[in-house]
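Go by the hints and put chain B onto chain A.
Chains A and B are the protein sequences, given in the same order.
Numbering (the numbering used here) for the first sequence: 702 to 964.
Numbering (the numbering used here) for the second sequence: 702 to 964.
In short, the hints are calculated from the structure, not lab data.
Mixed in with the good hints there might be a few duds.
A pair holds if it fits inside one copy or across any two, identical chains being indistinguishable in the list.
Claimed, not checked - No more than 25 Å apart at the CA atoms, straight line, and that leaves these computed lysine to aspartate or glutamate pairs for DMTMM-like:
no., residue 1, residue 2
1, K890, E912
2, K895, E854
3, K890, E874
4, K789, E765
5, K895, E860
Bear in mind the structure is a predicted one, so any value in this text is a computation, not a measurement.
Protein chains: 2
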Amino acid sequence: MKNADLPLGVFDSGLGGLTVLRAVQEALPSENTIYLGDTARVPYGIRSPEVVRRYCFESLEFFERQGVKLLVLACNTATSVALEDVRKRAAFPVVGVIEPGARAAVKAGPRIGIIGTDATVSSGAYQRAIASFSPGCSVVARSCPLFVPLAEEGWVDDEIAEQVAQRYLGGLENIDALVLGCTHYPLLKAAIGKVMKAVPLIDSAIETAGEVADTLSRQGLARMTGGPSEHRYFVTDKPQRFSELVRRFLGRPVEQITQVELT
Amino acid sequence: MKNADLPLGVFDSGLGGLTVLRAVQEALPSENTIYLGDTARVPYGIRSPEVVRRYCFESLEFFERQGVKLLVLACNTATSVALEDVRKRAAFPVVGVIEPGARAAVKAGPRIGIIGTDATVSSGAYQRAIASFSPGCSVVARSCPLFVPLAEEGWVDDEIAEQVAQRYLGGLENIDALVLGCTHYPLLKAAIGKVMKAVPLIDSAIETAGEVADTLSRQGLARMTGGPSEHRYFVTDKPQRFSELVRRFLGRPVEQITQVELT
Numbered sequence: 702m703k704n705a706d707l708p709l710g711v712f713d714s715g716l717g718g719l720t721v722l723r724a725v726q727e728a729l730p731s732e733n734t735i736y737l738g739d740t741a742r743v744p745y746g747i748r749s750p751e752v753v754r755r756y757c758f759e760s761l762e763f764f765e766r767q768g769v770k771l772l773v774l775a776c777n778t779a780t781s782v783a784l785e786d787v788r789k790r791a792a793f794p795v796v797g798v799i800e801p802g803a804r805a806a807v808k809a810g811p812r813i814g815i816i817g818t819d820a821t822v823s824s825g826a827y828q829r830a831i832a833s834f835s836p837g838c839s840v841v842a843r844s845c846p847l848f849v850p851l852a853e854e855g856w857v858d859d860e861i862a863e864q865v866a867q868r869y870l871g872g873l874e875n876i877d878a879l880v881l882g883c884t885h886y887p888l889l890k891a892a893i894g895k896v897m898k899a900v901p902l903i904d905s906a907i908e909t910a911g912e913v914a915d916t917l918s919r920q921g922l923a924r925m926t927g928g929p930s931e932h933r934y935f936v937t938d939k940p941q942r943f944s945e946l947v948r949r950f951l952g953r954p955v956e957q958i959t960q961v962e963l964t
Numbered sequence: 702m703k704n705a706d707l708p709l710g711v712f713d714s715g716l717g718g719l720t721v722l723r724a725v726q727e728a729l730p731s732e733n734t735i736y737l738g739d740t741a742r743v744p745y746g747i748r749s750p751e752v753v754r755r756y757c758f759e760s761l762e763f764f765e766r767q768g769v770k771l772l773v774l775a776c777n778t779a780t781s782v783a784l785e786d787v788r789k790r791a792a793f794p795v796v797g798v799i800e801p802g803a804r805a806a807v808k809a810g811p812r813i814g815i816i817g818t819d820a821t822v823s824s825g826a827y828q829r830a831i832a833s834f835s836p837g838c839s840v841v842a843r844s845c846p847l848f849v850p851l852a853e854e855g856w857v858d859d860e861i862a863e864q865v866a867q868r869y870l871g872g873l874e875n876i877d878a879l880v881l882g883c884t885h886y887p888l889l890k891a892a893i894g895k896v897m898k899a900v901p902l903i904d905s906a907i908e909t910a911g912e913v914a915d916t917l918s919r920q921g922l923a924r925m926t927g928g929p930s931e932h933r934y935f936v937t938d939k940p941q942r943f944s945e946l947v948r949r950f951l952g953r954p955v956e957q958i959t960q961v962e963l964t
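One chain only, chain A, in its complex shape (with noise of 0.2 Å):
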């Protein structure tokens, strides 16, 4: 088998990097997929270092047995913790979610605002991908806890999801631009957007895709054969709600995941 022909891996902590597996099938429909989610020890964001370290090494050598020409580490903790040490390791190219989100972010500055989990935020990840990229930019980065929860109930463009909206973003309108520094904040575009009013809207989700497109392209890895392509789903524990939240975020049900396990 060619290395072109390989599947692209997508890792997260847990079910939220399906949005950006979503994304990565939208842009590229021709290639195959292996999206795996660490649902057994989810939340990476709470945990130290270390541990979150020795988990993306367990996922990477997850993907090296799978066999893949690109990973991607759709998990903020993940990428702000071990990026750079994965990419160390890993035979093929390894793209993160922040890098993208921060690149076009520049772009459109120089004010960003940033909104994130608690452990995103206050990790300074977004904030120090910027300042590299364009120590010019101002950046304002707010988390915004009840996100997550009012993703994964569905409750994504109602009177509740605008007011919390409005809560966590009022005054935030005089910027240029708005990270989304979560996977599962995509979900909630529509509340935002109301909010943020004529503000863009920047989805490290699809930022993340384009990046996958142009790592692709360059390094001549596209597959290229008219096949249909192949999606396999991978995860470590099947908790509450598991199927209702994988059709909330990939925008539709999958028939078969397989369960694994790491160590």
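Just chain B now, with coordinates in the frame of chain A:
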């Protein structure tokens, strides 16, 4: 030191158990207390029963080293998974958070509502406890995932909290009692009460404190000396918004909190 002079231990996977500690301190103002929150490994609800049991045993060893006269498992998951096993190992009485609330509900019954996290509701622990006390009771259980982040944000008595409560609890008014089956929910009593109107709300924290008082009195373990009481606080990690959450759940700030390792 006499046994009666030893402190009470209160254990939770995180900080929510501080609502139980608060109820214990208010019901028994002359007792000394030791709180342990396993904040490095929260939430327990997503872990396997074997792992939860192991974590509870490690906490039990911590309280054995400290020396306590009674231990409260102020965590629904720990109680439903490990109460019996911890009781077998412990040389002192162990009180969980499920039986006290279930017992109070049965008195108010026969039509009982239970609200809690996905993990608690689907564990069936409250349903089993109620059936064991009174098989004739009917039980309707609902999980309310937004309530935990609302309580943590302190958005507990406003329009958003009321709308969320309305969406979760609407149509449930035709019951004789509603058990707040999660340590976070007492903070949302006002919003829940507005929806449930005349339905009595059973606060597991207060019921658990009552059971602690009964047990101490029955076993002659109540502290009789008149000196001021001492309260010590331990956690396994100090995550984001830590002090803010302590203040919210305990109702006041705590000056000194010691970080410990359990393993």
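Problem set entry | Ascending list of hint numbers which this structure does not respect | Of the numbered hints, all hold.
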